[in-house]
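Engineer: The chain contents come next:
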Amino acid sequence: MTSACPACSTATIAQRAAIQAGPPDIVLSLPSIHCAACIASVERALRALPGVEVARVNLSLKRVSIHASTATTDDVTSALAAIGFKAHPLDMAVLDSRQDSVGRGLMTRMAVAGFAMMNVMLLSVAVWSGAAGATRELFHLISAMISLPAVLYCGQPFFSNAWSALRVSRLNMDVPISLAILMAAGMSLYEVLNGGEHAYFDAALSLTFFLLIGRFLDHRARASAHSAAKELAALEVQSAQRLQNGEVTTVPVGALAVGDRLLIPAGVRVPVDGTLDSAKALSDKSFITGESAAALLVHGDAVQAGEINLGAPFEMTASAVGEDTALRRVATLVEMAENSRSRYTNLADRAARIYAPAVHLLAMLAFAGWVWATGDVRLALNIAVAVLIITCPCALGLAVPAVATAAIARLYSLGFLVKSGTALERIAEVDLAVFDKTGTLTLTTSARQLSHMTNQQISVAKALAQASNHPVSRALLGVLPAGSPAVLTDIQEVQGCGMQALRATQVVRMGRGAWLGATFDGPGLQIGTGPAIPLPMAEVLRPGVDAALAGLRKQGITPCILSGDRQGAVQRIALQLGIEDMQAEVTAAEKYAYLVDLQASGHCVLMVGDGLNDTAALAAAHASVAPSSALDASRNAADVVLLRDSLADFPRLVLIARAAMRLSKQNFAIAAAYNAIAVPVALMGYATPLIAAIAMSLSSITVLANAMRVRRAA
Amino acid sequence: MNVLLILIPVSIILGGLGLCAFLWTIRSGQYDDAEGAAARLLLDDDDPGGPDDGAR
Numbered sequence: 001m002t003s004a005c006p007a008c009s010t011a012t013i014a015q016r017a018a019i020q021a022g023p024p025d026i027v028l029s030l031p032s033i034h035c036a037a038c039i040a041s042v043e044r045a046l047r048a049l050p051g052v053e054v055a056r057v058n059l060s061l062k063r064v065s066i067h068a069s070t071a072t073t074d075d076v077t078s079a080l081a082a083i084g085f086k087a088h089p090l091d092m093a094v095l096d097s098r099q100d101s102v103g104r105g106l107m108t109r110m111a112v113a114g115f116a117m118m119n120v121m122l123l124s125v126a127v128w129s130g131a132a133g134a135t136r137e138l139f140h141l142i143s144a145m146i147s148l149p150a151v152l153y154c155g156q157p158f159f160s161n162a163w164s165a166l167r168v169s170r171l172n173m174d175v176p177i178s179l180a181i182l183m184a185a186g187m188s189l190y191e192v193l194n195g196g197e198h199a200y201f202d203a204a205l206s207l208t209f210f211l212l213i214g215r216f217l218d219h220r221a222r223a224s225a226h227s228a229a230k231e232l233a234a235l236e237v238q239s240a241q242r243l244q245n246g247e248v249t250t251v252p253v254g255a256l257a258v259g260d261r262l263l264i265p266a267g268v269r270v271p272v273d274g275t276l277d278s279a280k281a282l283s284d285k286s287f288i289t290g291e292s293a294a295a296l297l298v299h300g301d302a303v304q305a306g307e308i309n310l311g312a313p314f315e316m317t318a319s320a321v322g323e324d325t326a327l328r329r330v331a332t333l334v335e336m337a338e339n340s341r342s343r344y345t346n347l348a349d350r351a352a353r354i355y356a357p358a359v360h361l362l363a364m365l366a367f368a369g370w371v372w373a374t375g376d377v378r379l380a381l382n383i384a385v386a387v388l389i390i391t392c393p394c395a396l397g398l399a400v401p402a403v404a405t406a407a408i409a410r411l412y413s414l415g416f417l418v419k420s421g422t423a424l425e426r427i428a429e430v431d432l433a434v435f436d437k438t439g440t441l442t443l444t445t446s447a448r449q450l451s452h453m454t455n456q457q458i459s460v461a462k463a464l465a466q467a468s469n470h471p472v473s474r475a476l477l478g479v480l481p482a483g484s485p486a487v488l489t490d491i492q493e494v495q496g497c498g499m500q501a502l503r504a505t506q507v508v509r510m511g512r513g514a515w516l517g518a519t520f521d522g523p524g525l526q527i528g529t530g531p532a533i534p535l536p537m538a539e540v541l542r543p544g545v546d547a548a549l550a551g552l553r554k555q556g557i558t559p560c561i562l563s564g565d566r567q568g569a570v571q572r573i574a575l576q577l578g579i580e581d582m583q584a585e586v587t588a589a590e591k592y593a594y595l596v597d598l599q600a601s602g603h604c605v606l607m608v609g610d611g612l613n614d615t616a617a618l619a620a621a622h623a624s625v626a627p628s629s630a631l632d633a634s635r636n637a638a639d640v641v642l643l644r645d646s647l648a649d650f651p652r653l654v655l656i657a658r659a660a661m662r663l664s665k666q667n668f669a670i671a672a673a674y675n676a677i678a679v680p681v682a683l684m685g686y687a688t689p690l691i692a693a694i695a696m697s698l699s700s701i702t703v704l705a706n707a708m709r710v711r712r713a714a
Numbered sequence: 001m002n003v004l005l006i007l008i009p010v011s012i013i014l015g016g017l018g019l020c021a022f023l024w025t026i027r028s029g030q031y032d033d034a035e036g037a038a039a040r041l042l043l044d045d046d047d048p049g050g051p052d053d054g055a056r
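Note that the protein sequences, when read in sequence, are chains D and S. Here our numbering is used: the first residue of the first sequence is 1, the next is one more, and so on. Here our numbering is used: the first residue of the second sequence is 1, the next is one more, and so on.
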């Protein structure tokens with residue numbers, strides 16, 4: 001496109017202006033987008049929509065931001081539904097974008113530190129290669145002018161962390177870092193002003209630069225994990241239809257009060273807890289309980305926020321709104337569980353607890369020792385600074401983030417999306433794996449046994465299933481063999497029971513076993529007055545489950561099942577997989593309590609689950625995994641998202657996590673070894689800025705190279 | 001040695017230009033959606049009204 005057409009160029013100007021105009025009007029979560037074609041079709045569809053000015057997809061966050069003049073959220077969601085994308089409106093007031101600015105700040109600082117380091121290093125080379133007198137002083141002066149502002153600006157993350165630790169009289173890794181950076185810069189400035197020989201500006205800057213790399217890697221790993229509780233709240237339905245004096249008005253959910261009467265249209269999620277006023281309703285509780293079968297409700301039954309109306313529209317009376325709804329209570333549970341996990345001390349912090357005091361003591365002893373031996377305070381201070389620089393945990397600060405980043409990349413190529421930087425440490429420690437059943441160990445829409453059915457029965461089943469929207473029917477359609485459906489007339493849905501129709505003069509029915517007068521409980525098919533035959537809906541195991549369990553057992557991890565489904569169904573799967581430890585019919589709160597109990601008794605639990613009922617348990621577990629088919633909320637609560645259908649590679653997750661731990665510890669050992677050699681040199685007063693620069697870069701590079709070995713593990 | 005008085009400022013200014021360019025890419029949000037940017041490479045450039053049209 002050229003700018004010859006004035007209309008086009010004004011359009012692009014308007015577009016660019018809108019992009020810069022700040023926050024978008026509508027933000028939608030699009031969990032199913034994954035490639036360039038998705039971006040293109042979503043953006044094209046939205047741009048074609050009247051009233052939409054700019055639509056921009058963010059693939060990393062799986063969101064689309066829309067600047068709209070007249071289009072409403074409903075217009076946009078239905079336009080996306082028409083091209084096959086399910087969109088969930090997100091409440092931007094709930095999701096803040098603070099995380100993002102932290103990442104940008106770190107990147108900016110990294111760039112500034114890198115720039116300053118390059119320049120000062122080049123100037124230092126001249127000094128090291130023998131510049132003397134006025135030339136050396138000039139070079140030192142220029143170095144000072146570049147590095148002092150750079151150090152003060154780039155070191156801020158370390159300074160503020162160190163300060164907040166010192167204020168509560170604690171020591172963390174940032175205290176020796178800040179001390180080393182500030183002392184090195186301050187001491188060098190003093191030396192330069194007094195025409196001294198040694199300046200450590202390059203050391204101060206390369207320290208800052210390497211440590212910022214570690215800090216940035218660390219942040220990247222964590223930033224991708226949004227807070228599960230926030231996304232849960234943002235996902236909640238935002239408007240409801242209130243019945244008042246026989247009239248229906250659309251109101252925001254926040255405006256609902258206890259006692260309001262509501263109309264719930266078909267296929268819509270219930271906004272608040274309440275009781276059913278209509279005679280009957282069919283509800284999908286799988287979002288809440290993990291149970292695959294639809295529930296039939298009668299007048300007076302409780303309806304929970306988050307259920308989905310599968311049948312005809314029904315009326316209900318609200319009994320709990322806002323923070324009191326069951327959905328929100330789960331969100332609170334998740335928040336609580338996340339808090340308890342954030343108390344986990346990671347490897348780097350544990351190392352810092354030993355390391356920080358030792359470093360300070362050493363530098364202090366060096367200073368005191370040299371003052372006592374020579375009486376020269378300036379020399380003693382110089383040596384103390386050299387000790388601080390040499391021992392500064394540059395390699396230590398890189399050791400864990402570098403290994404974690406390499407391991408996360410390796411796991412991604414195996415189909416695991418690791419969202420939390422410390423997840424690997426926690427996964428390496430697990431000794432018990434708790435699996436949810438429905439949707440995790442099993443898939444509900446796989447091929448079923450159909451060999452006992454005749455062609456006539458299959459064609460009738462197909463015709464009936466086609467006429468219904470029930471999830472069981474839709475699942476059945478997917479597995480019936482090809483062929484034309486039977487010709488049926490007078491097809492009707494019998495609420496909560498099944499489908500009924502006429503085939504010529506014969507009545508054909510498909511639905512619950514009990515309704516058909518059969519002895520079995522699952523879905524069945526009846527033709528005329530003949531006996532009902534079962535349509536076996538046996539859940540099929542996720543591919544690779546056997547291999548996964550065998551692999552886990554080999555690594556000393558005991559698998560067990562914790563499911564919200566009925567006892568019989570869970571028992572069957574447990575027997576099939578040879579899992580002895582199983583719990584059925586547990587609610588979300590019970591799952592959470594069970595997990596907390598297990599961990600209180602000393603186990604480190606890996607939770608694998610997909611439903612809303614698993615969300616709190618996922619957040620409470622020592623480490624957690626959710627399949628990509630899971631709810632957004634569960635995926636966000638989990639540390640790792642399994643992107644593939646197969647579980648076969650599951651044991652490698654643990655293998656790689658353990659390898660990463662081993663390498664992190666090796667890296668600590670390497671860093672310690674460098675210190676063991678360099679510290680005596682520094683203590684004896686032979687550590688020139690050149691030696692400091694070599695020791696520091698060498699140890700950082702060795703640690704980075706060693707971290708790359710994790711790619712070859714498992 | 002007088003050549004240093006020219007060379008040093010020149011090298012610092014050149015480096016500073018690179019730094020400014022990098023800072024601009026951060027400010028303009030070019031690292032916000034790394035995955036999306038990788039995928040957009042495959043999009044059809046002739047798509048009228050595409051989000052990057054303003055660049056040409």
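Hints are not guaranteed to be accurate.
Simulated pairs of lysine to any residue, SDA-like, Cα-Cα distance not exceeding 25 Å [unchecked claim]:
#1 D:Lys86 with S:Ala38
#2 D:Lys62 with S:Leu19
#3 D:Lys665 with D:Ser646
#4 D:Lys62 with S:Ile12
#5 D:Lys62 with S:Arg40
#6 D:Lys554 with D:Arg652
#7 D:Lys86 with S:Ala34
#8 D:Lys86 with S:Leu19
#9 D:Lys62 with S:Gly15
#10 D:Lys62 with S:Ala38
#11 D:Lys86 with D:Val268
#12 D:Lys62 with S:Val3
#13 D:Lys86 with S:Thr25
#14 D:Lys62 with S:Leu41
#15 D:Lys62 with S:Ser28
#16 D:Lys62 with S:Ile26
#17 D:Lys86 with D:Met107
#18 D:Lys86 with S:Arg40
#19 D:Lys554 with D:Cys604
#20 D:Lys86 with S:Leu4
#21 D:Lys62 with S:Leu17
#22 D:Lys86 with S:Leu42
#23 D:Lys62 with S:Ala37
#24 D:Lys62 with S:Leu43
#25 D:Lys86 with D:Ala37
#26 D:Lys62 with D:Ser646
#27 D:Lys62 with S:Ile6
#28 D:Lys62 with S:Arg27
#29 D:Lys62 with S:Glu35
#30 D:Lys86 with S:Arg27
#31 D:Lys62 with D:Lys554
#32 D:Lys62 with S:Ile13
Chain D is faced by these chain S residues, among others (derived, beta-carbon under 10 Å) [as the list claims (entries may be wrong)]:
#33 Gly18
#34 Asp33
#35 Arg40
#36 Leu43
Note that these hints are calculated values from the structure, not bench results. Glycine is no exception: its CB is placed at the ideal position from the N, C-alpha and C atoms.
Engineer: Each of the hints needs a verdict: does it hold here or not?
Structural biologist: Structure-based check of all given hints:
no., hint, result
1, D:Lys86 with S:Ala38, "23 Å, holds"
2, D:Lys62 with S:Leu19, "31 Å, violated"
3, D:Lys665 with D:Ser646, "32 Å, violated"
4, D:Lys62 with S:Ile12, "41 Å, violated"
5, D:Lys62 with S:Arg40, "14 Å, holds"
6, D:Lys554 with D:Arg652, "12 Å, holds"
7, D:Lys86 with S:Ala34, "23 Å, holds"
8, D:Lys86 with S:Leu19, "42 Å, violated"
9, D:Lys62 with S:Gly15, "36 Å, violated"
10, D:Lys62 with S:Ala38, "14 Å, holds"
11, D:Lys86 with D:Val268, "13 Å, holds"
12, D:Lys62 with S:Val3, "55 Å, violated"
13, D:Lys86 with S:Thr25, "32 Å, violated"
14, D:Lys62 with S:Leu41, "17 Å, holds"
15, D:Lys62 with S:Ser28, "20 Å, holds"
16, D:Lys62 with S:Ile26, "21 Å, holds"
17, D:Lys86 with D:Met107, "34 Å, violated"
18, D:Lys86 with S:Arg40, "21 Å, holds"
19, D:Lys554 with D:Cys604, "17 Å, holds"
20, D:Lys86 with S:Leu4, "63 Å, violated"
21, D:Lys62 with S:Leu17, "34 Å, violated"
22, D:Lys86 with S:Leu42, "23 Å, holds"
23, D:Lys62 with S:Ala37, "13 Å, holds"
24, D:Lys62 with S:Leu43, "17 Å, holds"
25, D:Lys86 with D:Ala37, "16 Å, holds"
26, D:Lys62 with D:Ser646, "23 Å, holds"
27, D:Lys62 with S:Ile6, "51 Å, violated"
28, D:Lys62 with S:Arg27, "21 Å, holds"
29, D:Lys62 with S:Glu35, "10 Å, holds"
30, D:Lys86 with S:Arg27, "32 Å, violated"
31, D:Lys62 with D:Lys554, "37 Å, violated"
32, D:Lys62 with S:Ile13, "40 Å, violated"
33, Gly18, "7 Å, holds"
34, Asp33, "5 Å, holds"
35, Arg40, "6 Å, holds"
36, Leu43, "5 Å, holds"
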